[in-house]
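Visitor: The hints should help you fit chain B onto chain A, whose structure is shown.
2 protein chains.
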Amino acid sequence: MTSKQESLSSQIPDVAGNGLINRRALLGRGVLFAGAAVTGVGSSLTGAAADPLPVDPWSMGPGEKIPPYGVPAKYEKVVRTLTNPNGEPRTQQARTPHHLLNGTITPNGLHFVVARTGFPDIDPAKHRLVIHGLVKQPLVFDLEALARYPMVTRINFIECGGNSAQLFSKDPVQQNVQAIHGLLSCSEWTGVRLSTLLEEAGVDPKAKWLLAEGADGPSMNRSIPLAKALDDAMIALYQNGERINPAQGYPMRLLLPGYEGNMNVKWLHRIKLVEEPVMAINETLQYTYRVAGPKIWQFFYPQEVKSFITHPSPGLTLKGAGFYEISGLAYSGNGRVSKVMVSADGGKTWGEAALDAPVLSKALTRFRMPWRWDGQPVVLQSRAWDEAGNIQPTRAEMIAARGEPRAPMGHMNVITSWAIDSKGEAKHVFA
Amino acid sequence: MTSKQESLSSQIPDVAGNGLINRRALLGRGVLFAGAAVTGVGSSLTGAAADPLPVDPWSMGPGEKIPPYGVPAKYEKVVRTLTNPNGEPRTQQARTPHHLLNGTITPNGLHFVVARTGFPDIDPAKHRLVIHGLVKQPLVFDLEALARYPMVTRINFIECGGNSAQLFSKDPVQQNVQAIHGLLSCSEWTGVRLSTLLEEAGVDPKAKWLLAEGADGPSMNRSIPLAKALDDAMIALYQNGERINPAQGYPMRLLLPGYEGNMNVKWLHRIKLVEEPVMAINETLQYTYRVAGPKIWQFFYPQEVKSFITHPSPGLTLKGAGFYEISGLAYSGNGRVSKVMVSADGGKTWGEAALDAPVLSKALTRFRMPWRWDGQPVVLQSRAWDEAGNIQPTRAEMIAARGEPRAPMGHMNVITSWAIDSKGEAKHVFA
Numbered sequence: 001m002t003s004k005q006e007s008l009s010s011q012i013p014d015v016a017g018n019g020l021i022n023r024r025a026l027l028g029r030g031v032l033f034a035g036a037a038v039t040g041v042g043s044s045l046t047g048a049a050a051d052p053l054p055v056d057p058w059s060m061g062p063g064e065k066i067p068p069y070g071v072p073a074k075y076e077k078v079v080r081t082l083t084n085p086n087g088e089p090r091t092q093q094a095r096t097p098h099h100l101l102n103g104t105i106t107p108n109g110l111h112f113v114v115a116r117t118g119f120p121d122i123d124p125a126k127h128r129l130v131i132h133g134l135v136k137q138p139l140v141f142d143l144e145a146l147a148r149y150p151m152v153t154r155i156n157f158i159e160c161g162g163n164s165a166q167l168f169s170k171d172p173v174q175q176n177v178q179a180i181h182g183l184l185s186c187s188e189w190t191g192v193r194l195s196t197l198l199e200e201a202g203v204d205p206k207a208k209w210l211l212a213e214g215a216d217g218p219s220m221n222r223s224i225p226l227a228k229a230l231d232d233a234m235i236a237l238y239q240n241g242e243r244i245n246p247a248q249g250y251p252m253r254l255l256l257p258g259y260e261g262n263m264n265v266k267w268l269h270r271i272k273l274v275e276e277p278v279m280a281i282n283e284t285l286q287y288t289y290r291v292a293g294p295k296i297w298q299f300f301y302p303q304e305v306k307s308f309i310t311h312p313s314p315g316l317t318l319k320g321a322g323f324y325e326i327s328g329l330a331y332s333g334n335g336r337v338s339k340v341m342v343s344a345d346g347g348k349t350w351g352e353a354a355l356d357a358p359v360l361s362k363a364l365t366r367f368r369m370p371w372r373w374d375g376q377p378v379v380l381q382s383r384a385w386d387e388a389g390n391i392q393p394t395r396a397e398m399i400a401a402r403g404e405p406r407a408p409m410g411h412m413n414v415i416t417s418w419a420i421d422s423k424g425e426a427k428h429v430f431a
Numbered sequence: 001m002t003s004k005q006e007s008l009s010s011q012i013p014d015v016a017g018n019g020l021i022n023r024r025a026l027l028g029r030g031v032l033f034a035g036a037a038v039t040g041v042g043s044s045l046t047g048a049a050a051d052p053l054p055v056d057p058w059s060m061g062p063g064e065k066i067p068p069y070g071v072p073a074k075y076e077k078v079v080r081t082l083t084n085p086n087g088e089p090r091t092q093q094a095r096t097p098h099h100l101l102n103g104t105i106t107p108n109g110l111h112f113v114v115a116r117t118g119f120p121d122i123d124p125a126k127h128r129l130v131i132h133g134l135v136k137q138p139l140v141f142d143l144e145a146l147a148r149y150p151m152v153t154r155i156n157f158i159e160c161g162g163n164s165a166q167l168f169s170k171d172p173v174q175q176n177v178q179a180i181h182g183l184l185s186c187s188e189w190t191g192v193r194l195s196t197l198l199e200e201a202g203v204d205p206k207a208k209w210l211l212a213e214g215a216d217g218p219s220m221n222r223s224i225p226l227a228k229a230l231d232d233a234m235i236a237l238y239q240n241g242e243r244i245n246p247a248q249g250y251p252m253r254l255l256l257p258g259y260e261g262n263m264n265v266k267w268l269h270r271i272k273l274v275e276e277p278v279m280a281i282n283e284t285l286q287y288t289y290r291v292a293g294p295k296i297w298q299f300f301y302p303q304e305v306k307s308f309i310t311h312p313s314p315g316l317t318l319k320g321a322g323f324y325e326i327s328g329l330a331y332s333g334n335g336r337v338s339k340v341m342v343s344a345d346g347g348k349t350w351g352e353a354a355l356d357a358p359v360l361s362k363a364l365t366r367f368r369m370p371w372r373w374d375g376q377p378v379v380l381q382s383r384a385w386d387e388a389g390n391i392q393p394t395r396a397e398m399i400a401a402r403g404e405p406r407a408p409m410g411h412m413n414v415i416t417s418w419a420i421d422s423k424g425e426a427k428h429v430f431a
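Going line by line, the protein sequences match chains A and B.
Going by our numbering, 53 is the number at position 53 of the first sequence; the sequence numbering is gapless.
Going by our numbering, 207 is the number at position 207 of the second sequence; the sequence numbering is gapless.
Pulled out of the complex, with its shape left as it was, chain A reads as follows (with noise of 0.2 Å):
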């Protein structure tokens, strides 16, 4: 910084300890974040001679071809961590790299995967969707008949019930942000609304749930009450314009918005209409959590709302003292987020963060705080707060609610945060 600049920014009020700054503030003060001075480009660039900046060889030629469909960059090693690589006989899961993003939606080639077996391979002429059992018609569908259906688009989030549950371990476990809150991501979504087809079909009054069954060899399978089905549930078709992709349930799945993960049961192909929860080993064994002292939980859905920060995190090691954006993700599978608040100083003080627009239902939405770094060691939090009233919570109050740590433990939407040190590197602690 030259000490004009540094001058300037001394005068920027914070509005929370450590150097957390209002958007605002910055409109118009003409501070210095990180652009470096070029020396001898004046006003004029018109000859080479007062060109600092060589010409890069890829500016001296004709590019590359356009490829039929567009991959990254060679650059970017930009790619989901997976469990299961060699895809043994167990459960597969890759994770999406949030740190290496930005914005809110997630590629479909890095959207999250948890899969008992990988992905079948479905001959979308041959899949067929199913709905029956208390209904006055059952009936079936292919792939041409659901396309003559009104449709409808939305964007939303899906997170496993089980992102996250390092956590509630005892001691901070030192991963990144992929690992921990990698199984988590965003699409826009398109498809029928199942209310459609159940209409069509005709709901016997006695059933009040329905399973829903899919086409993978361990037939997933999930019993989920009637009135979600007829509020917002969708079979999805597409996902961020195309066919869904294959580890996402291609050609279609059932998209439950703000509800755990594995309930969106993927490569859909049965819908059963019954009076009461199938007890499926995904509701029993699985997906069901003992909490504080005898207490189960059990047939709980919407992901409680959440935030964490990608920027700065684990692995992203900030070069020196100066400006920084703090960015992160925001959520909540009951509803809109209201509000984010940051803290620098592990929770003592707090900053309201600004969020991109749209703030959309049971989608994620970017929180962004600009932030002057003094070099020394600070505890970064956020902690997010929904339309529904509901407020992310610390890691006492998750402690008093749910007992001591011990694994595995779902739902866990507790406060995440990350210790920066002098060198500008980040640790996951408990604070």
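The set of hints was computed from the structure by calculation and includes no laboratory data.
Hints are supplied without guarantee of correctness; some may be wrong.
The list makes no distinction among identical chains, and a pair is therefore deemed to hold if it is satisfied within one copy or across any two copies.
Quick list of in silico lysine to any residue cross-link-like pairs, SDA-like style, CA-CA up to 25 Å [said to hold, decoys possible]: (1) LYS339 <-> VAL359; (2) LYS423 <-> ALA125; (3) LYS77 <-> PRO67; (4) LYS295 <-> GLN166; (5) LYS319 <-> ASP142; (6) LYS206 <-> THR196; (7) LYS77 <-> GLN174; (8) LYS427 <-> GLU144; (9) LYS170 <-> GLY403; (10) LYS339 <-> SER361; (11) LYS126 <-> ASP56; (12) LYS136 <-> LYS208; (13) LYS74 <-> ASN86; (14) LYS65 <-> THR117; (15) LYS65 <-> GLU76; (16) LYS339 <-> GLY17; (17) LYS319 <-> ASP123; (18) LYS65 <-> LYS77; (19) LYS319 <-> ASP421; (20) LYS74 <-> ALA145; (21) LYS77 <-> ARG128; (22) LYS77 <-> VAL152; (23) LYS319 <-> GLU144.
Guide: Chain B only, in chain A's frame:
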């Protein structure tokens, strides 16, 4: 249809000629769209004998490996069409297949491209952005520096000024949506506001324009009014969450929401503040159009309000009379789409389409209209309005404004008409 369904269907009032239906009128009617009855599947499907559907081969064993970066299913052949697939030394164009997509986001691999010689192979570690000319302090930025700035995320379309030029030919060209309207796409963009960087450099009061230059071989350049740069211009670094694709300007492009595609300079390398437009070839020979009489259009920027029907459209043949959804895309470079009307009788009567939420400024908006086709020939049209008060013109209005058809003609936002014949095939017509 069953006779009961036919009877229900005939009770639903149309909102315009040839079977356009109000979406709300459908609710609760139990209308059979296209689902087929399943014989023998009743309330009990526990025994295999009761199931008329054989178990599909992909449900009988383990699945495929989840890859680090997912790709569309092998059954999908949805790609961009290329005008110059061998990369010969002339312009390469790649068109988005909107007739095979749904929703509003374009996947990065399918975003349209117009590139004079393909894409430059830019090493992101060596690329620089320079701001110079009429500024107090010329500045240079690398990617690491830009990463420290406050960013913003926004969903915007980009459309080539030459998109849909075929609509002004003397006779209707027989092409599909991809060929006619495919130089249009929509992404979630994330980056640094240009105004933030200009504020840091300090704009000389004499500066009224800026020259944006790309690092590609032909050094794409355009003069841009300073007012736009200070309004909503962005140095875009991310597209749908990930680093922008090589053909979209990797590692950075200029985003001028709503403005003619070529002004959104890709592979952005230098921004020079100047007093007057520099009269680059791209604003004298290219992207300047003769209109009625001796008039020339030059320095016109926003893409005007426009819409077209993607489903049905040429190549997507209807399979017999019955219910369908008419859907398409609407957008305006001047703000939000306020209304889309659809006609099934060549413009005699119109019904208002439903718009998928959220309707965003300078972004693609998906419109939808339920339709009961009686199997007779019809002409489908859509017409859009924007919040700035603009109305998409008819062909007669376009000719009155611009004179008799002749090529080339940019900014062509006239109504598109698809004639559906009794076989369900769509053809491009002027109506």
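Visitor: Evaluate each hint against the coordinates.
Guide: Results of checking the hints against the structure:
Both within a single protomer and between protomers do LYS339 and VAL359 lie at most 25 Å apart by alpha-carbon distance, with minima of 10 Å and 22 Å respectively. For a Cα distance limit of 25 Å, the shortest separation of LYS423 from ALA125 across copies, 22 Å, qualifies, whereas the shortest one inside one copy, 57 Å, does not. For a Cα distance limit of 25 Å, the shortest separation of LYS77 from PRO67 qualifies both inside one copy, at 19 Å, and across copies, at 14 Å. For the homomeric pair LYS295 and GLN166, the shortest alpha-carbon distance inside one copy (21 Å) is at most 25 Å, but the shortest distance between copies (67 Å) is not.
For a Cα distance limit of 25 Å, the shortest separation of LYS319 from ASP142 across copies, 13 Å, qualifies, whereas the shortest one inside one copy, 55 Å, does not. For a Cα distance limit of 25 Å, the shortest separation of LYS206 from THR196 inside one copy, 19 Å, qualifies, whereas the shortest one across copies, 61 Å, does not. With identical chains, the CA atoms of LYS77 and GLN174 are at most 25 Å apart within one copy only, with a shortest distance of 22 Å there and 43 Å across copies. In the homo-oligomer, the alpha carbons of LYS427 and GLU144 lie at most 25 Å apart only across protomers (21 Å), although the nearest pairing inside one protomer, at 51 Å, exceeds that limit.
With identical chains, the CA atoms of LYS170 and GLY403 are at most 25 Å apart within one copy only, with a shortest distance of 12 Å there and 76 Å across copies. Within a single copy, LYS339 and SER361 get their C-alpha atoms as close as 13 Å, and across copies as close as 23 Å, so both meet the 25 Å cut-off. For the homomeric pair LYS126 and ASP56, the shortest alpha-carbon distance between copies (8 Å) is at most 25 Å, but the shortest distance inside one copy (52 Å) is not. Taking CA atoms no more than 25 Å apart as the test, LYS136 paired with LYS208 passes inside one copy only; the shortest distance there is 15 Å, against 69 Å between copies.
Taking the shortest alpha-carbon separations for LYS74 and ASN86, both the intra-copy value of 24 Å and the inter-copy value of 20 Å come in at or below 25 Å. For the homomeric pair LYS65 and THR117, the shortest alpha-carbon distance between copies (8 Å) is at most 25 Å, but the shortest distance inside one copy (37 Å) is not. With identical chains, the CA atoms of LYS65 and GLU76 are at most 25 Å apart both within one copy (18 Å) and between copies (22 Å). In this assembly of identical chains, the alpha carbons of LYS339 and GLY17 lie at most 25 Å apart only when taken from the same copy (19 Å versus 48 Å across copies).
Proximity of LYS319 and ASP123 under a CA criterion of 25 Å is satisfied inter-copy only: 21 Å between copies versus 50 Å inside one chain copy. Taking the shortest alpha-carbon separations for LYS65 and LYS77, both the intra-copy value of 21 Å and the inter-copy value of 19 Å come in at or below 25 Å. In this homomeric assembly, LYS319 and ASP421 come within 25 Å of each other (Cα to Cα) only inside a single copy, at 12 Å, whereas the closest approach across copies is 65 Å. Taking the shortest Cα distances, LYS74 and ALA145 sit within 25 Å of each other only across copies (21 Å), while inside one copy they are farther apart (40 Å).
Taking the shortest alpha-carbon separations for LYS77 and ARG128, only the inter-copy value of 21 Å comes in at or below 25 Å, while the best intra-copy value is 37 Å. In the homo-oligomer, the alpha carbons of LYS77 and VAL152 lie at most 25 Å apart only across protomers (24 Å), although the nearest pairing inside one protomer, at 34 Å, exceeds that limit. For the identical chains of this complex, LYS319 and GLU144 are inter-copy neighbours only, at 9 Å across copies versus 55 Å inside a copy, given an alpha-carbon limit of 25 Å.
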